[in-house]
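Chemist: Residue-level listing of the chains:
2 protein chains.
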Amino acid sequence: MNETIELMLNHRSIRKFTEQPISEEQLHSIIASAQMASSSSHVQAYSVIRVTDLSKRERLAILTSNQRYVADSPVFLVWCADLYRNQVAYSLHDDPNHASLHTAENMIVATVDAALAAQNAALAAESMGMGIVYIGGIRNQIREVTELLELPERVFPIFGMCIGFPDQEVGIKPRLPMEAILHHDKYDISQVSNLLESYDQTMSEYMHERTQGKMRRTWTEDMKNKFAAPSRLHMKAYLEEQGFYLQ
Amino acid sequence: MNETIELMLNHRSIRKFTEQPISEEQLHSIIASAQMASSSSHVQAYSVIRVTDLSKRERLAILTSNQRYVADSPVFLVWCADLYRNQVAYSLHDDPNHASLHTAENMIVATVDAALAAQNAALAAESMGMGIVYIGGIRNQIREVTELLELPERVFPIFGMCIGFPDQEVGIKPRLPMEAILHHDKYDISQVSNLLESYDQTMSEYMHERTQGKMRRTWTEDMKNKFAAPSRLHMKAYLEEQGFYLQ
Numbered sequence: 001m002n003e004t005i006e007l008m009l010n011h012r013s014i015r016k017f018t019e020q021p022i023s024e025e026q027l028h029s030i031i032a033s034a035q036m037a038s039s040s041s042h043v044q045a046y047s048v049i050r051v052t053d054l055s056k057r058e059r060l061a062i063l064t065s066n067q068r069y070v071a072d073s074p075v076f077l078v079w080c081a082d083l084y085r086n087q088v089a090y091s092l093h094d095d096p097n098h099a100s101l102h103t104a105e106n107m108i109v110a111t112v113d114a115a116l117a118a119q120n121a122a123l124a125a126e127s128m129g130m131g132i133v134y135i136g137g138i139r140n141q142i143r144e145v146t147e148l149l150e151l152p153e154r155v156f157p158i159f160g161m162c163i164g165f166p167d168q169e170v171g172i173k174p175r176l177p178m179e180a181i182l183h184h185d186k187y188d189i190s191q192v193s194n195l196l197e198s199y200d201q202t203m204s205e206y207m208h209e210r211t212q213g214k215m216r217r218t219w220t221e222d223m224k225n226k227f228a229a230p231s232r233l234h235m236k237a238y239l240e241e242q243g244f245y246l247q
Numbered sequence: 001m002n003e004t005i006e007l008m009l010n011h012r013s014i015r016k017f018t019e020q021p022i023s024e025e026q027l028h029s030i031i032a033s034a035q036m037a038s039s040s041s042h043v044q045a046y047s048v049i050r051v052t053d054l055s056k057r058e059r060l061a062i063l064t065s066n067q068r069y070v071a072d073s074p075v076f077l078v079w080c081a082d083l084y085r086n087q088v089a090y091s092l093h094d095d096p097n098h099a100s101l102h103t104a105e106n107m108i109v110a111t112v113d114a115a116l117a118a119q120n121a122a123l124a125a126e127s128m129g130m131g132i133v134y135i136g137g138i139r140n141q142i143r144e145v146t147e148l149l150e151l152p153e154r155v156f157p158i159f160g161m162c163i164g165f166p167d168q169e170v171g172i173k174p175r176l177p178m179e180a181i182l183h184h185d186k187y188d189i190s191q192v193s194n195l196l197e198s199y200d201q202t203m204s205e206y207m208h209e210r211t212q213g214k215m216r217r218t219w220t221e222d223m224k225n226k227f228a229a230p231s232r233l234h235m236k237a238y239l240e241e242q243g244f245y246l247q
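If you're matching them up, the sequences are chains A and B in order. When you line the first sequence up against the working numbering, it's residues 1 to 247, in that order. When you line the second sequence up against the working numbering, it's residues 1 to 247, in that order.
It is worth saying that the hints were derived from the structure and are not from the lab. Since the structure is predicted, the reported quantities are computational estimates derived from the model, not experimental observations. We put the beta carbon where it would ideally sit given N, CA and C, even for glycine. Please note that the accuracy of each hint is not assured.
[To be verified] Pairs of lysine-lysine, DSSO-like flavour, derived with a Cα cap of 27 Å:
(1) A:56 - B:186
(2) B:224 - A:186
(3) B:16 - B:186
(4) B:236 - B:173
(5) A:186 - B:173
(6) B:224 - B:214
(7) B:236 - B:56
(8) B:214 - B:173
(9) B:224 - B:236
(10) B:56 - B:16
(11) A:173 - A:16
(12) A:214 - A:173
(13) A:214 - A:16
(14) A:56 - A:236
(15) A:16 - B:186
(16) A:173 - A:224
(17) B:56 - A:186
(18) A:236 - A:224
(19) B:56 - A:236
(20) A:236 - B:173
(21) A:16 - A:56
[Claimed, not checked] Partial chain B-side listing against chain A, Cβ under 10 Å, derived:
(22) 74
(23) 87
(24) 122
(25) 193
(26) 202
(27) 203
(28) 205
(29) 208
(30) 209
(31) 236
Assemble the whole structure, with the sequences as input and the hints as a guide.
Modeler: Structural data, given as structure tokens:
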């Protein structure tokens, strides 16, 4: 096993960080790595907002449902799908109203571009001994975040990312059995239930151990609870307002 | 600079592969690395279809607008956003019709989950000396791909990925200036045009050199051409049919 694969296999989210700062040089390496990820037709349809302003960090911690590490982590980044820059590029040659940026297709392109870049950034940070956590809570009150960071049309924040040096030990959470996510030549639905039962066993034992016997939750129970009520129902209308997924 | 960052900074898409096969052990490392990427609330809402069937590979090459490497690469994977498995998990505890899987929010969750996993897979492959290319063309005729791979409801293919050992030398394409994608505390629109002009210069020189003086295309021209006509307009209706982005 090489260093890079070993790094990935050791990933766990870190939510508590030491005071040790991240240097500008280290941040540069993180963002430079992000930029080298693949991008659909080289459109590079993403941006990242680094938030250092303390009052904005405090506000973001509240807007993400009081996640303290959003305010306290040495670095906090907001990763955005961004077709605004492509619109500006277009406008240098033609009326931007003629540009087809508003499609469902391009929302997927921009979302994927941002995610690939962010994952490179995460690994770059981890390769330097740092820990990270993705903050999906940035979408909890997405209009307020959009306003706070002055995001123009055709830009939306997908997730935040805390980065810093770990100040906690965290176990590695077992993933679904590989056969559940890897299919051969076609999607095989016949084995899904069995594999989930076996995974429930694994997760239940892991949770039991991790909580010193206090908890024995299964994954399928978690999924039941997670999807029992719709979350972030504002997303569809919000994305339309920002000029996404209109056609 | 460490090995992992160096790997990322050397990324370029590879579309021509040697005959050297990828072993089952190597593929296992690639998928295991993918599985360790972060996932929103541990939902793991993605799947990957490995296509080895030769007639399916040929068909996929045609469906992606005749990209030969889709048929010929040692490994071809189709990365899918997948909420079907979460639906099955839900159905073990309650009527799946009560589950809120169909929201815009959950389409973003599943798309991001798939992209993070895929980028880990890409880097795992590259760390073993392989090259990869993402195939967005899988969305060109997405209904046919869905049928060919027998994808159930709540699953859609986002992109393909060819993997193999490189049989070509490819230059590293310059990215946007870092200041264009990295913002501080707020999205700064004031510098975008200037930065794009400077990037146009860079890309024009790069293309000139790469094509031995035959071509001098700028990035903003590419974006003008790329977005002048809408592409993949079937995506919105297709995604609704598959049970995504309904609310």
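Chemist: Each hint needs a verdict: does it hold in this structure or not?
Modeler: Cross-check of the supplied hints:
1. Restraint check: the Cα-Cα separation between residue 56 of chain A and residue 186 of chain B comes to about 10 Å, which is no more than 27 Å; the hinted pair holds.
2. With a CA separation close to 38 Å, the supplied pair residue 224 of chain B and residue 186 of chain A exceeds the 27 Å bound.
3. In summary, the hint linking residue 16 of chain B to residue 186 of chain B is not supported, as the alpha carbons are separated by about 42 Å, beyond the 27 Å threshold.
4. For the hint pairing residue 236 of chain B with residue 173 of chain B, the CA-to-CA distance comes to about 31 Å; that exceeds 27 Å, so the pair is violated.
5. Only pairs whose Cα atoms come within 27 Å are accepted, and residue 186 of chain A paired with residue 173 of chain B is rejected, the gap being roughly 35 Å.
6. This hinted pair checks out: residue 224 of chain B and residue 214 of chain B have alpha carbons roughly 20 Å apart, not beyond 27 Å.
7. Our distance criterion of 27 Å between C-alpha atoms is met by residue 236 of chain B and residue 56 of chain B, whose separation comes to about 25 Å.
8. A hinted pair counts as satisfied when its Cα atoms are at most 27 Å apart, and residue 214 of chain B with residue 173 of chain B qualifies at roughly 17 Å.
9. Taking the CA atoms of residue 224 of chain B and residue 236 of chain B, the gap is about 23 Å. The hint holds against a cut of 27 Å.
10. Of the pairs offered as hints, the one joining residue 56 of chain B and residue 16 of chain B holds, with about 20 Å between alpha carbons and a cut-off of 27 Å not exceeded.
11. In summary, the hint linking residue 173 of chain A to residue 16 of chain A is supported, as the alpha carbons are separated by about 17 Å, within the 27 Å threshold.
12. Among the hinted pairs, residue 214 of chain A with residue 173 of chain A is consistent with the structure: their alpha-carbon atoms are about 17 Å apart, no more than 27 Å.
13. At roughly 22 Å between alpha-carbon atoms, residue 214 of chain A and residue 16 of chain A fall within 27 Å of each other, so this suggested pair holds.
14. A hinted pair counts as satisfied when its Cα atoms are at most 27 Å apart, and residue 56 of chain A with residue 236 of chain A qualifies at roughly 25 Å.
15. Restraint check for residue 16 of chain A and residue 186 of chain B: the C-alpha separation of about 25 Å stays at or below 27 Å, so the hint holds.
16. Restraint check: the Cα-Cα separation between residue 173 of chain A and residue 224 of chain A comes to about 19 Å, which is no more than 27 Å; the hinted pair holds.
17. At most 27 Å may separate the alpha-carbon atoms for a hinted pair to count; residue 56 of chain B and residue 186 of chain A meet this at roughly 10 Å.
18. Taken as a hint, the residue 236 of chain A and residue 224 of chain A pair is honoured in the structure, with Cα atoms around 23 Å apart against an allowance of 27 Å.
19. Taking the CA atoms of residue 56 of chain B and residue 236 of chain A, the gap is near 35 Å; set against the 27 Å cutoff, the hint is violated.
20. Distance restraint check for residue 236 of chain A and residue 173 of chain B: the Cα-Cα separation of roughly 35 Å exceeds the 27 Å cut-off, and the hinted pair is therefore not satisfied.
21. Simply put, residue 16 of chain A and residue 56 of chain A have alpha-carbon atoms about 20 Å apart, close enough for the 27 Å limit, and the pair holds.
22. At about 15 Å, the closest approach between the beta carbon of residue 74 of chain B and any beta carbon in chain A exceeds 10 Å, and the interface hint on this residue is violated.
23. Restraint check, residue 87 of chain B versus chain A: the minimum CB separation of about 8 Å is within 10 Å; hint holds.
24. Given the 10 Å rule on beta carbons, the hint for residue 122 of chain B holds: about 7 Å separates it from the nearest Cβ of chain A.
25. Contact between residue 193 of chain B and chain A, as hinted, is supported at the beta carbon level, the nearest pair being about 6 Å apart and thus within 10 Å.
26. Residue-level restraint check for residue 202 of chain B is violated (minimum Cβ-Cβ distance to chain A is 13 Å; threshold 10 Å).
27. Among the interface hints, the one on residue 203 of chain B holds; its C-beta lies about 9 Å from the nearest C-beta in chain A, closer than the 10 Å criterion.
28. At a threshold of 10 Å, the smallest CB-CB gap from residue 205 of chain B to chain A is about 16 Å, leaving the interface hint violated.
29. Violation of the interface hint for residue 208 of chain B is found here, the shortest Cβ-Cβ separation to chain A being roughly 16 Å, above the 10 Å cut-off.
30. Of the supplied interface hints, the one on residue 209 of chain B is violated, with its beta-carbon coming no nearer than about 16 Å to a beta-carbon of chain A, more than 10 Å.
31. At its closest, the beta carbon of residue 236 of chain B sits 4 Å from a beta carbon of chain A; the interface hint therefore holds under the 10 Å criterion.
Of the numbered hints stated above, those contradicted by the structure are hints 2, 3, 4, 5, 19, 20, 22, 26, 28, 29 and 30, listed in ascending order.
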